[in-house]
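Participant: Chain by chain, the residues:
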Amino acid sequence: EAQVTQNPRYLITVTGKKLTVTCSQNMNHEYMSWYRQDPGLGLRQIYYSMNVEVTDKGDVPEGYKVSRKEKRNFPLILESPSPNQTSLYFCASSTGLGPYNEQFFGPGTRLTVL
Amino acid sequence: KNEVEQSPQNLTAQEGEFITINCSYSVGISALHWLQQHPGGGIVSLFMLSSGKKKHGRLIATINIQEKHSSLHITASHPRDSAVYICAVCPGGTSYGKLTFGQGTILTVHP
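Note that the protein sequences, when read in sequence, are chains A and B. Here the first sequence is numbered in the working numbering, starting from 1 and rising by one per residue. Here the second sequence is numbered in the working numbering, starting from 115 and rising by one per residue.
These aren't lab readings, by the way, just hints derived from the structure by calculation. The structure displayed is predicted, hence computed values, not measured ones. The C-beta atom is built at its ideal place from N, Cα and C for all residues, glycine as well. Be aware that one or more of the hints could be misleading.
As a list, the in silico SDA-like pairs of lysine to any residue whose alpha-carbon atoms are at most 20 angstroms apart [claimed, not checked]:
hint, chain 1, residue 1, chain 2, residue 2
1, A, K57, B, P205
2, A, K57, B, S144
3, B, K168, A, F104
Looking from chain A toward chain B, a few residues come up when the C-beta cut is under 8 angstroms (computed) [said to hold, decoys possible]:
hint, residue
4, R44
5, G108
6, T112
Output of the computed footprint for chain A on chain B, the stretches with three or more beta carbons under 8 angstroms from beta carbons of chain A [unchecked claim]:
hint, stretch
7, 143–151
8, 183–189
9, 199–209
10, 212–224
Generate the whole structure from the sequences, applying the supplied hints.
Facilitator: Right under this line is the structure:
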């Protein structure tokens, strides 16, 4: 089944404790992206990747890191999480070198930073 | 002012009604997406448009590039259409990989 998976789905952590949210897709998609969704602010793009080893900042990259060493994986790293990073996070992928085709979204990761 | 504005923010309809959700944007774009977020939180892609009109079942999406405006229409609405509908634009140019979202329209369809 074609899908985007995220792990973990739920996470409660404390300020400053490094964490990684994994994202994996099995559709051989070139483009992958991370978003956060907050009440009243909607979805906002954190980072995106056009292909392996090619990443770039979205609108809200501060406090996040990403890497794209393999085509299928695009982990989101929070080196020192803070309470303002409490949010619902979505990973998405699409074929082609940009978000110009159908976007496939992961199920979301609900992160709480205490 | 947000780059992408949706209206209305909330919409309540009776089953069977024709529904229109609007999306206006202020930047030049290469493409526009309509997404649906289910009450459980999952997001699915409905349409990707760069010009003209697309139809899928009871859903129709149109875009007018010159007027920087897109609409999503639902014909013969049903309670299962209740969801949040989100417009997203791809600015293109030097922002080739970016995606900017509207705030979403919460649709509730009553039986």
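Participant: Compare the structure with the hints numbered earlier in the document and write down the numbers of the violated ones, lowest to highest.
Facilitator: Violated hints (numbers, rising): 6, 8; every other hint is consistent with the structure.
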